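Visitor: One letter stands for each residue in the lines below.
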Amino acid sequence: MSKVLLEVNELSTKYVTRFHEDVYAVDRVSLKVEEGKSLGIAGESGCGKSTLALSMMGYYFSPLHYISGDIYLDGNNITKMDPDVIRRKILGTEISYIPQAAMNALNPTQKVLNFIQDVIWAHNPKAPKEEIFNLAKERFTLLGLPESVLYKYPVELSGGMKQRTVIAVSVILGPKVLIADEPSSALDVTSQKMVIKMLVDLMQSGFIKGMVFITHELPLLYNVVDDIMVMYAGQIVEKGTADEVVLDPLHPYSRGLMGSVIVPEEGMREQQLVAIPGAPPNLKDPPSGCRFAARCKYAIPQCTKMNTIEMQELGNGRAYRCIFSEEELRKAYKNG
Amino acid sequence: MDNGSGSCLKCVDLTKVYGMGRTKTLAVDHVSLEIHNKEIVSIVGESGSGKTTLAKLLLGLTEPTEGEIYFLGNERDISTHKKRLEYWKDIQAIFQDPYSSFNIFRKIDDVLLDCINMRDGKNISREEKVHMMSEACRFVNMKFEELTNKYPFELSGGQMQRLMIARVFLLKPKILIADEPTSMIDACSRATILDMLLKLNAEEGTTLIFITHDIGLAYYLSQTVYIMKKGRIVESGTAEEVILHPKEAYTKRLISDVPKIREEWDLSTVVYSTE
Numbered sequence: 028m029s030k031v032l033l034e035v036n037e038l039s040t041k042y043v044t045r046f047h048e049d050v051y052a053v054d055r056v057s058l059k060v061e062e063g064k065s066l067g068i069a070g071e072s073g074c075g076k077s078t079l080a081l082s083m084m085g086y087y088f089s090p091l092h093y094i095s096g097d098i099y100l101d102g103n104n105i106t107k108m109d110p111d112v113i114r115r116k117i118l119g120t121e122i123s124y125i126p127q128a129a130m131n132a133l134n135p136t137q138k139v140l141n142f143i144q145d146v147i148w149a150h151n152p153k154a155p156k157e158e159i160f161n162l163a164k165e166r167f168t169l170l171g172l173p174e175s176v177l178y179k180y181p182v183e184l185s186g187g188m189k190q191r192t193v194i195a196v197s198v199i200l201g202p203k204v205l206i207a208d209e210p211s212s213a214l215d216v217t218s219q220k221m222v223i224k225m226l227v228d229l230m231q232s233g234f235i236k237g238m239v240f241i242t243h244e245l246p247l248l249y250n251v252v253d254d255i256m257v258m259y260a261g262q263i264v265e266k267g268t269a270d271e272v273v274l275d276p277l278h279p280y281s282r283g284l285m286g287s288v289i290v291p292e293e294g295m296r297e298q299q300l301v302a303i304p305g306a307p308p309n310l311k312d313p314p315s316g317c318r319f320a321a322r323c324k325y326a327i328p329q330c331t332k333m334n335t336i337e338m339q340e341l342g343n344g345r346a347y348r349c350i351f352s353e354e355e356l357r358k359a360y361k362n363g
Numbered sequence: 358m359d360n361g362s363g364s365c366l367k368c369v370d371l372t373k374v375y376g377m378g379r380t381k382t383l384a385v386d387h388v389s390l391e392i393h394n395k396e397i398v399s400i401v402g403e404s405g406s407g408k409t410t411l412a413k414l415l416l417g418l419t420e421p422t423e424g425e426i427y428f429l430g431n432e433r434d435i436s437t438h439k440k441r442l443e444y445w446k447d448i449q450a451i452f453q454d455p456y457s458s459f460n461i462f463r464k465i466d467d468v469l470l471d472c473i474n475m476r477d478g479k480n481i482s483r484e485e486k487v488h489m490m491s492e493a494c495r496f497v498n499m500k501f502e503e504l505t506n507k508y509p510f511e512l513s514g515g516q517m518q519r520l521m522i523a524r525v526f527l528l529k530p531k532i533l534i535a536d537e538p539t540s541m542i543d544a545c546s547r548a549t550i551l552d553m554l555l556k557l558n559a560e561e562g563t564t565l566i567f568i569t570h571d572i573g574l575a576y577y578l579s580q581t582v583y584i585m586k587k588g589r590i591v592e593s594g595t596a597e598e599v600i601l602h603p604k605e606a607y608t609k610r611l612i613s614d615v616p617k618i619r620e621e622w623d624l625s626t627v628v629y630s631t632e
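Protein chains in written order, with our numbering: chain A, 28 to 363; chain B, 358 to 632.
If we strip away everything but chain B, and leave its shape as in the complex, we get (with noise of 0.2 Å):
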């Protein structure tokens, strides 16, 4: 199949179905989407849509039931454990909890220095690889001088998160998955976070996929936004089409769930689900 020159991650007919006989759950139902290089794309849908799945699929993090996946034009091959290491230099993620994205044990300067080793580390001398280091610490302002010698946890969440994007900004993948990076996060941080997300596209051209709740945040960051529901996209657009104007219903409701400043939020449409 011919994927067109821009293309960066491509899926087609992706189905994802967990457990077998009377628990079987059609996590992801044929997925097809496609994504363009230095796009910012937003994947929303409420909890138990299929989004955490759809990201780890991508990923390859777990294998598709059906389905397949182009990388940049072909097909991808993560059979051994060397491809898959490959495929993940071009494609990394960042995660809802930055509590347990760390390694508790290693001290930070530690993870930072594997991420440089993980790109053709031998060839650095050990002076570049601390002027990288502190760069890529500049690049979220963060001071590497203040972290040398500290440990995960004698961060902030929102300093974690920060330093998740340090890693990503030294790993230079082609493509970063954000599973609700913000969710855990004050409002105030999440700006510093969001901006700094911005940044690494517009600067570095990474390719972003945003998995989110918040519809807010979708609208605010990406071109492209994908509305899912139970599994499927139920519509796909700008935007500006699909949040300002949504045509499904479901969309809809999933707008006016947000509480907003200007416009009205009511409260008398609300139906108690029984689940």
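Bound-form chain A, shown alone (with noise of 0.2 Å):
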């Protein structure tokens, strides 16, 4: 078995609103990332994968509050390091994270350039300028971008470009692990297509150790990572690898996400889309037993009177969520 990058054990995270009431978005969530490997995390909106992705950086901002849980990062524990130390040690340099609006991500005021400079001299004061532009320069060659962004100002630049020159900007200090959330979900099929391809180059070239990619379109995700997590109201739902996840789910709530997708092959007009009925359920007070249930077809009076469901492993680190044994969920599937 491979060096284990990135371990998150049982996190629970919180958001406190102005009228000081908790809301749980991810509750005792657990994940590893090993050397090499990528893992993606899919859910529909309000579920929690954005803040899951916050919270395994181990730096917390009100109004997101840290519950339990242990974060390790190359075997050290950071949840119990001081947030200074992390912001200067850690982020960036051990783990680097491109958020979802990387658009606007960049200073509108500032050139290319100089924002790489701010990025580099907020963890080393004294990085000469030269060395700097040097090492900029390299990297943007390197991964595909002409030098002639580094001079620009983030409105000269096309949306695909500016993605892909914040992920550039984001492995700049050669991070272990990158959380890439939605990187693509505002740009058109061929930019996404790039922007993707950048990632996966980072990832055989050996730049990044280990990546964490969010998203809720399942045919991307399919394509681009290992294994897959699917998320539903704080909670990790199905667990498994790629193809186990996407072409045999067994949550039926992986399974109904799998009724959305809409890809341009052969038969897929043919094919009836299936929504999920109902909305996910307030965070502020989930509801005990299966959070699933108000929406699941399969749904029995039991699934909401145990408090909590653990997940039941399959072995191989396919795991899901659900009272029913695999057979049993299978056979439901079978007869419609």
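These are calculated hints, taken from the structure and not from any lab test.
Source: prediction; values computed, not measured.
Glycine included, C-beta positions come from ideal geometry on N, C-alpha and C.
Careful: at least some of the hints might be erroneous.
[Said to hold, decoys possible] Covered by chain B, according to a simulated footprint, are these stretches of chain A (three or more residues, beta-carbon under 8 Å):
1) 180-187
2) 215-222
3) 239-250
4) 289-295
Take the two lone chains, each set in its own frame, and fit them into one complex as the hints suggest.
Guide: Structure (structure tokens):
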């Protein structure tokens, strides 16, 4: 077994609203990113994907608060570290994050090169300008970005180019783990493919050792990552390899997600799109038992009677959160 | 010009030029297309291919530099404000960003009430109006009772987009132009919205014009597909023809860029653009 780069153990975090209400966005999530592997997180809007990404970095700022759990980065427990140390020594250099609206992550009043300077100076205030320039130039050429981008303002760049610039900047300090939160959701298919190619290249060339990729687009996730976790209402409901989760989903929710996938393949037109009825529960007061029960067509009264439903391990990292056994679920799906 | 019986919207050599001199941009370049009654049409293209400009031209939000638009067989006349309002009773749009589609200072029932008032609302009693509004909300699987006295920002993106469809249901236009209606919404609510738009077409007979960059979506929904590149229509035909058996190299590339599940997605062919 290869080395575990990032390990999250039973991590729970919450948001505290202005009215001092707690919103439990991430509930006892455990995950592992091994060296050379990428992990995908899927789920609908508001299920806690992005919050999980933020929580994983160990740096909490209001309204996000830490409740319990541990994060091990390369064997070191970062949850016990001083936030200031995390910001200076971990973020950017050990673990890096590409935000969802990466287009707005660049400073509109600065040229890209000056922006990179600021990023590097935040971690190493004594870095000479010359060195920064050489590093930036080298990285940009390596990642297929023209050098001229360095001298431009963000407004002069197209959406796809901005996104790729942000990726180049976020890996400039050589992080081991990269967290990409919907890096391509605002782009058209061609730019999306360029962004994905860049991320895959970064992984293959060993620039980054591990990746966490977050998106709601299952076909994209399927093509990019090795393992997939499906998240619902702050909990992991299913995990397994990409093939297992996409082609043979076990949890009724993962199955529902697959029902709304649209791909330009033969036979798609004859297929009926099936949306999952209802809306996700309010995380201020999560329901007891299975959180998906209210929207699940296979639900029985017992689903909500238990306090919590534990993950059922099937071996080889495959697990799902449902009270039914694998055989029962398969039988139910067969009968429709 | 005779436009035949089923023609709903037709444009001939439609051209739009933005700017002048050095910054002159040809956004839409001699586009001719004909959309029939009750048809579902998709216009597919990359960012910057001119598809939104085309939608704006068809909606009458910008004036074409060149070319004519025929609506129901006659040349479209939106020279005065009154005529323009008359035209907009028959053609409506849903835009990409549901959050900016609503007036944030107005309550939802006001928004829906406006739609009824736009279509001879003077002769309708208050009870009848409420009934119509609740019917529209039922059409999009929402409860009118839960929406009254709420402001748009209290709803989620998917709910707002559904409310936009409820507005269209009340206005009963002949044509609905949907400009990337689902690109800001997650995959799960996307299925709900697409189903509602299809229902609108089946039950109300609304002609649907989809503007999208999502080829899978175009294939799933539409009967006719137009592929746009740099302001020009490079390929058109039925969805099966264009998407399963594309002829143009550009269309082929566009389709190969979409991540698929049963077919392989080849990343090795990607060429980084320098723009």
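Visitor: Tell me, which hint numbers fail for this structure?
Guide: none
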